[in-house]
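Chemist: Build out the structure end to end from the sequences listed, making use of the hints.
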Amino acid sequence: MAGSVNKVILVGHLGKDPEVRRTAFGDMIANMTVATSESWRDKTTGERKEKTEWHRVVIFNDNLAHVAEQYLRKGSQVYLEGSLQTRKWTDQQGVEKYSTEVVLQRFNGTLTLLGKAGNGGPSPADSADEYGRTSSRGVDARGRSADGPASQFDLDDEIPF
4 MAGSVNKVIL
14 VGHLGKDPEV
24 RRTAFGDMIA
34 NMTVATSESW
44 RDKTTGERKE
54 KTEWHRVVIF
64 NDNLAHVAEQ
74 YLRKGSQVYL
84 EGSLQTRKWT
94 DQQGVEKYST
104 EVVLQRFNGT
114 LTLLGKAGNG
124 GPSPADSADE
134 YGRTSSRGVD
144 ARGRSADGPA
154 SQFDLDDEIP
164 F
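Each residue of the sequence shown is one higher than the last, beginning at 4 in our numbering.
In short, the hints are calculated from the structure, not lab data.
Model, not experiment: these values are computed from the prediction.
Ideal Cβ placement from N, Cα and C applies to all residues, glycine included.
Hints are supplied without guarantee of correctness; some may be wrong.
Unchecked claim - Within a straight-line C-alpha distance of at most 27 Å, the following computed DSSO-like cross-link-like pairs (lysine-lysine) qualify:
#1 K19 <-> K52
#2 K77 <-> K10
#3 K46 <-> K77
#4 K10 <-> K100
#5 K19 <-> K91
#6 K119 <-> K19
#7 K91 <-> K10
#8 K19 <-> K100
#9 K119 <-> K54
#10 K77 <-> K54
#11 K46 <-> K19
#12 K10 <-> K54
#13 K119 <-> K77
#14 K77 <-> K19
#15 K52 <-> K77
Said to hold, decoys possible - Derived CB-CB ranges, DEER-like:
#16 R109 <-> D45: 41 to 47 Å
#17 S7 <-> E53: 28 to 34 Å
#18 T48 <-> R25: 50 to 56 Å
#19 R90 <-> I12: 17 to 23 Å
#20 R59 <-> V98: 15 to 21 Å
#21 G97 <-> A27: 20 to 26 Å
#22 E50 <-> R25: 45 to 51 Å
#23 V8 <-> E50: 32 to 38 Å
#24 K91 <-> G118: 34 to 40 Å
Modeler: So, in structure tokens, the structure goes:
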């Protein structure tokens, strides 16, 4: 159907460390659970309420799966973009089951680590796009750090006339 959109954007925290495996062809697949929460104040009691939703996330992109494996841990805050897919499968008792997941495909997904790396190690390039290219936070389009001095490649773009 033309004119339809299937895009999911989540900002949340990992419920456990990512589970990464390889297919028979050597492709990496990462499975994660991401929690998103919303809070509100109950109008009748004034009590603060909170509701948490858990989302299954599957990454079918070697570069993004590698980033997830190396740098994401339980509690890591992430920003991700993908699409919603429901798959049908049969369990060991022959019962048909359904699973709805946010899927980050090879050319259609984004994963960004928000905050510090989960393992306390050096921070990765904090963002990877759908092609697996990475870029660091805090760097503007000219290559200058947001909180540091201009880089050696900072050009003066003023025209002298």
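Chemist: Between the beta carbons of E50 and R25, is the distance compatible with 45 to 51 Å?
Modeler: The hint (45 to 51 Å, Cβ to Cβ) holds, given that E50 and R25 are roughly 48 Å apart.
Chemist: Assess, step by step, whether the Cα of K19 is no farther than 27 Å from the Cα of K91, and give holds or violated.
Modeler: holds, 24 Å
Chemist: Please work out if K19 and K52 have their alpha carbons no farther apart than 27 Å.
Modeler: Satisfied, since the Cα-Cα distance of roughly 24 Å is no more than 27 Å.
Chemist: Holds or violated: K52 and K77, Cα atoms, limit 27 Å.
Modeler: Distance of about 24 Å is within 27 Å: holds.
Chemist: Does K54 lie within 27 Å of K119 when you go C-alpha to C-alpha?
Modeler: holds, 25 Å
Chemist: Hint check: K91 vs K10, CA-CA at most 27 Å. Holds or violated?
Modeler: holds, 20 Å
Chemist: Measure nothing beyond the straight line between the CA atoms of K46 and K77; if it is 27 Å or shorter, mark the hint as holding.
Modeler: Between K46 and K77 the Cα gap is close to 34 Å, so the pair fails against 27 Å, i.e. violated.
Chemist: Are the Cα positions of K46 and K19 separated by 27 Å at most?
Modeler: violated, 34 Å
Chemist: Regarding the pair K119 and K77, is the alpha-carbon distance no greater than 27 Å?
Modeler: holds, 12 Å
Chemist: Given the proposed pairing of K10 with K54, does the C-alpha separation stay at or below 27 Å?
Modeler: holds, 22 Å
Chemist: Given the hinted pair K77 and K54, is their Cα-Cα distance within 27 Å?
Modeler: holds, 19 Å
Chemist: Please check whether G97 and A27 have a Cβ separation lying inside 20 to 26 Å.
Modeler: holds, 25 Å
Checked against the numbered hints above, the structure violates hints 3 and 11; every other hint is satisfied.
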